[in-house]
Amino acid sequence: MSNRSQTGWLASRFPIAASFRRQYLDFAMPRNLNYLWNFGAFLTIALVFLVVSGIFLAINYTPTITSAFSSVEKIDRAIASGWFIRSLHIGGVSMLFAALYIHIARSLYYGSYKAPRELVWITGLCLLILVMLAAFAGYILPWGQMSFWGATVVINALKALPLVGTPLSNWLLGDSSLGDVALHRFFILHFVTAFAIIGIVTLHVATLHVVGPNNPAGIEPRRPEATLPFHPYYTTKDGLGLCLFLMIYAGLIFFLPDILTLASNYVEANPLVTPRDIMPEWYFSPFYAILRAVPSKLGGLLLASGSVLLLFFTPWLDRSPIRSARHRPRMRWALRGAFLAFILLGLAGSRPLTEGWLWISRAATIYWYAYFLLVLPLLPRIENPNAMSSIQDTHCL
Amino acid sequence: MQEPENPPISVGKDTTGDRIIDDDIDTKRRDVLTKLTFGAGCAGVCALAYPFLDSLNGTRASAFDESDVVDVDISMLRPGQQKVVQWRNWPVFVQRRTPEALASLQAPGADRDLRDPASRVLQQPRDATNWHRSVVPEIGVYIGICTHLGCVPNYNAPSATDLAGGYVCPCHGSHFDIAGRAFSDAPAPYNLPVPPVTMLSANTLRIGLSKGDPTFDINDIQQI
Chain V
8 MSNRSQTGWL ASRFPIAASF RRQYLDFAMP RNLNYLWNFG AFLTIALVFL
58 VVSGIFLAIN YTPTITSAFS SVEKIDRAIA SGWFIRSLHI GGVSMLFAAL
108 YIHIARSLYY GSYKAPRELV WITGLCLLIL VMLAAFAGYI LPWGQMSFWG
158 ATVVINALKA LPLVGTPLSN WLLGDSSLGD VALHRFFILH FVTAFAIIGI
208 VTLHVATLHV VGPNNPAGIE PRRPEATLPF HPYYTTKDGL GLCLFLMIYA
258 GLIFFLPDIL TLASNYVEAN PLVTPRDIMP EWYFSPFYAI LRAVPSKLGG
308 LLLASGSVLL LFFTPWLDRS PIRSARHRPR MRWALRGAFL AFILLGLAGS
358 RPLTEGWLWI SRAATIYWYA YFLLVLPLLP RIENPNAMSS IQDTHCL
Chain U
186 MQEPENPPIS VGKDTTGDRI IDDDIDTKRR DVLTKLTFGA GCAGVCALAY
236 PFLDSLNGTR ASAFDESDVV DVDISMLRPG QQKVVQWRNW PVFVQRRTPE
286 ALASLQAPGA DRDLRDPASR VLQQPRDATN WHRSVVPEIG VYIGICTHLG
336 CVPNYNAPSA TDLAGGYVCP CHGSHFDIAG RAFSDAPAPY NLPVPPVTML
386 SANTLRIGLS KGDPTFDIND IQQI
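So the sequences go chain by chain: V and U. One gets our numbering by counting positions in the first sequence from 1 and adding 7 to each. One gets our numbering by counting positions in the second sequence from 1 and adding 185 to each.
No lab work stands behind these hints, which were simulated from the structure alone. For every residue, glycine included, the Cβ atom is placed at its ideal position computed from N, Cα and C. Please note that a few of the clues may not be correct.
[Stated by the list, open to error] Derived Cβ-Cβ restraints for the label pairs, each shown as a range:
id	chain 1	residue 1	chain 2	residue 2	range
1	U	Tyr-235	V	Pro-264	17 to 25 Å
2	U	Arg-305	V	Asn-277	58 to 66 Å
3	V	Pro-264	U	Lys-268	45 to 53 Å
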């Protein structure tokens with residue numbers, strides 16, 4: 008079998024079968040991966056669903072302010088199976104973001120961002136930013152009340168940036184206010200970003216395949232016995248996980264569609280009336296909470312975007328030679344605190360602003376920054392230096 | 186492939202990079218499971234493909250338009266003239282025939298060159314299955330879509346050389362007589378479709394409804 012594929016007519020000109028086998032079937036994986044390593048596969052499937060359903064939605068969508076809302080209504084009511092394709096798309100966004108956040112949290116916990124995987128981490132963060140951009144642009148397209156005012160708020164926030172703010176918002180709007188020109192641009196942006204994401208995913212996987220996957224122990228497998236071929240071992244494991252993932256996905260779109268969209272987005276955009284509460288989608292609410300927690304227009308914008316940009320420096324901020332939090336008891340607690348801060352910010356951002364939630368958001372924002380800027384660089388100084396040598400002695404990997 | 190002397194039980198790679206296969210493993214049950222899984226996966230993909238392809242069918246215009254009928258006033262139409270009205274986004278030719286045109290339809294031997302002179306193929310409601318292919322002989326109503334490849338045929342009004350007139354498709358030379366019947370020396374396989382028509386008065390007709398054949402559905406005809 009292998010001999011034939013290496014000497015065939017096609018293989019000698021374009022050895023795709025052999026390289027596919029090497030990279031995806033025989034690829035050596037650590038044998039101790041847990042189920043948190045399934046989320047890459049989940050993300051791939053969610054992305055495929057989003058791209059396919061997005062293309063079929065674009066077939067029936069009209070990016071003009073007079074027809075956008077009604078074309079979406081028509082997709083839901085008149086196009087055969089249109090309701091299903093749109094639910095698949097809306098549900099896919101939530102599934103993608105949920106999987107993305109867990110995927111990133113996994114990497115923070117097990118130190119997957121550390122040498123030699125900095126590029127895997129950075130391409131992954133680029134994906135996070137692109138997905139956020141796509142989600143924001145896509146959210147505007149149905150031209151509902153929340154879409155319109157969400158976009159208005161974000162574009163006005165951009166204006167606070169010194170020097171680039173005004174030109175940037177002008178480039179997005181292309182007009183004196185949010186109208187036909189801007190809607191068309193957001194449609195193109197949304198569509199193009201999807202394909203940019205596919206491109207960066209390729210890079211992300213390529214960089215991963217150069218250095219190999221990390222594992223829960225955070226120690227590189229040294230002997231062949233410590234690895235398993237990707238197929239059938241991890242294809243099976245990913246397949247089982249995918250069944251669960253798809254069950255939750257299906258449950259969400261068939262039984263709980265209301266929790267995915269806010270009712271106010273089923274009211275056509277009205278530039279004369281702002282809804283009583285502007286509510287972000289759940290996956291943006293932590294950043295929205297940071298934006299609101301800071302009593303300064305520019306400061307809020309910088310801290311909210313900085314909370315993501317900070318992650319790019321994690322590989323160099325973390326000074327510890329030990330990779331996995333499994334072997335760092337204090338870092339484990341500090342990191343759980345950071346996860347808690349993120350969740351609290353998410354809760355705060357999805358509620359009307361009250362004094363209590365305001366102070367919770369402020370405390371959580373401070374902790375989020377403190378974890379990356381203080382805990383990660385300084386904690387290794389007070390950690391037990393014996394810890395690392397004992398790990399290396401006792402582990403078979 | 187060179188087999189090692191004592192094949193290790195663990196699955197991994199030997200030095201040549203080929204997978205080691207332990208001959209003692211009975212793979213039958215595993216093969217069944219693999220095939221079942223593969224089959225279930227294919228079924229799932231097909232099931233998921235269905236709504237996507239289904240959505241490409243789009244919507245039927247008739248499901249949304251309030252009215253599917255068009256009333257046409259032909260009081261200004263003189264014999265030999267035709268007007269074109271739109272019904273369901275199709276061009277519909279409404280013609281008032283000259284006595285010469287009516288005579289040409291009944292002339293002996295006129296049937297010879299036609300593909301379907303007796304309108305046997307379902308291209309019209311039952312009340313138009315007659316020698317003049319219309320509800321009343323003086324008024325002809327045809328959907329102006331050539332049955333070859335869907336172009337709109339040109340109307341040749343009656344002239345000194347051609348007393349009856351007729352239709353010629355500019356694309357591939359299909360031609361039809363004044364009653365929309367296809368000539369057999371040209372590519373169009375069927376006569377021009379006749380929409381359901383009711384004469385409301387001598388000078389008003391309603392397209393979209395047939396009094397003589399109320400169950401007629403234009404979607405059931407052979408070709409449009």
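Results of checking the hints against the structure:
1. U:Tyr-235 <-> V:Pro-264: 17 to 25 Å: Holds - the Cβ-Cβ distance for Tyr-235 (chain U) and Pro-264 (chain V), about 20 Å, lies within 17 to 25 Å.
2. U:Arg-305 <-> V:Asn-277: 58 to 66 Å: With a Cβ separation near 60 Å, Arg-305 (chain U) and Asn-277 (chain V) satisfy 58 to 66 Å, so the hint holds.
3. V:Pro-264 <-> U:Lys-268: 45 to 53 Å: holds (51 Å)
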